[in-house]
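Visitor: Those protein sequence lines, which keep their order, are chains A and B.
For the first sequence, the working numbering assigns the number 155 to the initial residue and increments by one for each residue that follows.
For the second sequence, the working numbering assigns the number 8 to the initial residue and increments by one for each residue that follows.
Because the hints were derived from the structure by calculation, they are not lab data.
All the given hints hold, so there is nothing to weed out.
Subject to a maximum C-alpha distance of 25 Å in a straight line, what follows is the list of computed DMTMM-like cross-link-like pairs (lysine to aspartate or glutamate):
1) A/Lys359 x A/Glu181
2) A/Lys349 x A/Glu441
3) A/Lys349 x A/Glu329
4) B/Lys26 x A/Asp280
5) A/Lys369 x A/Glu310
6) A/Lys277 x B/Asp25
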Amino acid sequence: MNESVIQVQNFRKVYGDFVAVHGISFEVQRGEIFGLLGPNGAGKTSTLESLEGLRHPDGGSLRILGMDPARQSTSLWRHIGVQLQTSALPNTMTVLEAMQFFCAYHRVPVRRDLLERLGLADKLNDQYASLSAGQQRRLSLALAIAHNPQVLFLDEPTAGLDVPSRIVLHEVMRELQSAGTTIVLATHDMAEAEKMADRVAILLKGRIAACGTPKEITAAGKGLTRISVRTENNLLARNGVVFPGVRQRVLEDEYVIYYSADPGSSVAAIIRHIDASHDTLIDLRVERPSLEERFLEITQTYA
Amino acid sequence: MNAFAHHLAYDFRTGLRDKSQMLMNYLFPLAFFAMMGLLMTQVNPTFKETIIPAMMVNAYMAGGLLGLPNPLVVSREAGVFRSFRINGVPSLSILTIPVLGISLHMVLVSAVITAGSALFFGAAFPLNWGWFVLIGLVAIVSICGIGALLGVVASNSRATVLLAQIIYIPSMILGGLMLPTSMLPPALGRVALLLPATHIINAFRGLALGLPPSFSTTGSLLVLATGAILSYALAAYLFQWDNNARRTHSPFLALLVLAPYLAAMLLSA
Chain A
155 MNESVIQVQN FRKVYGDFVA VHGISFEVQR GEIFGLLGPN GAGKTSTLES
205 LEGLRHPDGG SLRILGMDPA RQSTSLWRHI GVQLQTSALP NTMTVLEAMQ
255 FFCAYHRVPV RRDLLERLGL ADKLNDQYAS LSAGQQRRLS LALAIAHNPQ
305 VLFLDEPTAG LDVPSRIVLH EVMRELQSAG TTIVLATHDM AEAEKMADRV
355 AILLKGRIAA CGTPKEITAA GKGLTRISVR TENNLLARNG VVFPGVRQRV
405 LEDEYVIYYS ADPGSSVAAI IRHIDASHDT LIDLRVERPS LEERFLEITQ
455 TYA
Chain B
8 MNAFAHHLAY DFRTGLRDKS QMLMNYLFPL AFFAMMGLLM TQVNPTFKET
58 IIPAMMVNAY MAGGLLGLPN PLVVSREAGV FRSFRINGVP SLSILTIPVL
108 GISLHMVLVS AVITAGSALF FGAAFPLNWG WFVLIGLVAI VSICGIGALL
158 GVVASNSRAT VLLAQIIYIP SMILGGLMLP TSMLPPALGR VALLLPATHI
208 INAFRGLALG LPPSFSTTGS LLVLATGAIL SYALAAYLFQ WDNNARRTHS
258 PFLALLVLAP YLAAMLLSA
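Okay, chain B solo, but in the shape it has when bound (with noise of 0.2 Å):
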């Protein structure tokens, strides 16, 4: 086994051996599913509809927003970076891994959210599998993207947990997880084209389940895409070994990752 492929199977069993990142990764999504699963479906019958996507998104920002920066800003303020670096470990294994590693425990999650779903929900499975799979991929690289950024960008945890909470909180209220974005306000629906669960949510409805998408869900998927490809730059453009070391590059440059989604908040005017 290479050290890539080394590297990967250890992140992928901390992944289930870390208490907290097994909380992120798989109690807290499916917990909070089930609790959706079982509420929702009574109050809101037409959640049904859109409870695989929500859940699944839920689970992506819960595993790469909330789980995944935290172990990448513990590990620069300890010192294990500094380890891994006198030891060859390239700073593109050291972002690039956990993402592959939350990758693949959000793919297990959404096999359970799925087939859970349709099991014990009634909800329907959706019409495009291929759109489906290719989504739900485009999802969790464009959200651990954005999680990847703010662990690089992060002073310390407490930063880390403020920062993913301003997008989480709102994504959850307005990215079209409870209720379709076209039923918010003009002006909120607006903003909330700046979350990438709004443009994960109208491509997931106008893509793979059916439903109508809010607005074009071409743009959702250019704006997913480019906000990935930005942010993964921005975070190997941005990295640091060790907090000792001076920054070189302003951290406020991670902002531009926001770009592709003020152009849609600003186009949809």
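Just chain A, same shape as in the assembly (with noise of 0.2 Å):
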């Protein structure tokens, strides 16, 4: 059964006469993977840190595990991770002794295990100013799971991983949902969002654009099947053939690639070609419509 854990309804954040949000609304469950998407400063982080209790709603209602982060946040801290965006440990502090120090204000024991699972096992003894970007970050998200939150909120969590460390990341996040961790995901990475993401909410200028689960949002837009097509007489390329809901056709190396709204008429058709004109198929590649390329759409609109 679906349990909401996370509720904002018409919340709204004002800077002086800026408005940073306006009044959105939107739910997480249970054991959810949400995304927050959109652009520098379409409103992520005035949510997230507001949901965090860093910051008072200027209106609306939020909600999160039954309580109000504005008047119950010493509790709710007790409950929740948190990676924030810029976040900073001191300079001299070592990396056992942030473990040791936040632990024992979350008063569980120290997580070794998790130091090592994020690869810092190496690094104990050494200050967090001698840390790369990528390891303090990997830090801090061993900091905010310590005492295994109810619910995680990771703010641009890859910003400065190198690769080995975003899988690391990602199977982390797999985990904790798997034991029923909630996480907010604020990122501006399209592709970590679509493959982590169990549902997305793309903020513009305040604003919900969109929100659903990935699948969901890119089938609403207007974008175009990439169909890539190589074959061994490169047949395709010489003719101008036009294929059942091809939109555009370009040529890119070897490859001839077809943009279709009706990609199955296509490759079929293309196939029945191939055969017909007694070329070989090489390789044949079908890439539906990215969530990138179905942002790009929606910020155009809203632009």
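These two chains come separately, so use the hints to put the complex back together.
Guide: This is how it looks when you write it as structure tokens:
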């Protein structure tokens, strides 16, 4: 049964004369990975920090695990984990000291296992200032999940991370999700959101421009499916046959790329044509429109 | 070990590990002590009578006024307090633990100065050790309180240095560290009453060293205690977790900490 752990209703945030968030509403279910997407200044961090109890909303209501973050932040912080976009530790604090320090305040045993899991086992006595940006991000993630939070907020978690670290982060997120942790992920990385998030909300100029599963959002667009074809004799490149559903044809290296509104019919017709021309198919790739393409489409609509 | 003890132990280690804190807690006050001990005791032999409290007060000002505020400002600017906040570190710990950490360093420095003054420069030990220790602790608490308040209200590191120097430099000249306040022109003597150092030295002279005080020692202790209470209360009231948050109270409220010192100055007129 779905259980809503985060409820945002008509949330509004204002800085002076500037309205950063215009009365947005959404809910996040237990165990869900929910992506908050949007360009800089869209209101992601304002929303996240208000949910975390670091900022006070100027309108609407916010509830996390039944608590009001603005009024019950101290109780809330025992149950949530937060990796801030710009967080820091004292420069001279070592990795192990940081873990001991935060575990002491959360009253949980020191989690050396997390430091090992996130590749920091050989950095235990290194001071924070001497860590690379990626190592600092991994440490902040380890500290955010050390007390097994029910809800985890990740603000641009992969910024500054190398590929192996991203893979580990995604594995950790999946493990947390399996254990029932709800994750709110704010990111610029559309591929990451598409891969990790169960649902996403696209924020533009402080408003939700789209909300749903990545598939629902991409399907709602007018994006065309990309069909890349390579044949032995490259006959498709030489003749300009028109296939059903194809809106655009592009030549790229030895590939002919078709953009189709009806990929099923287009692919079937292309294969039939290759057979009929006595050519041989070497490679065929079908790529549906990505969340990134849909995001750009929505952004242009709102511009 | 509980969270508070962990935090304090970490903060104490930082006082030794961080180069600027090490400089302000130990290197500068002890080097200044060595220099003053070598020079001033030759130039002015009566300096031996007050070298211990004078160098202790200098050490407290170096650690508490010049050293303590900047890490508070830098931590706030860098987002360290935000990280602490969402992990349940209370603001009271953020304010009190650095003060306790510095206090421990100051106690160690005081011991070195007291022993070193007698061993190397022929200074006399205090006549009343009870008062000596008590006034030392009151001095540390009152100076660190002002340091914590500066760290809370200063908008950036440059402002911190400027504000700290506004207290430190006059204290060195007028506070009775180098020459008794009674030797100052009357107007300057009254201005000196605005400085914690003046009251600390006066209390040390009258209650711990057996020297004639320049004015009421009870009054000095009262001013220092009231000033300390006010400074911590104001620091807690004006505390901000991060630079991005809009200030809800004017930082100029911090000037209220001067009230007991102003009262002392007005009453002396």
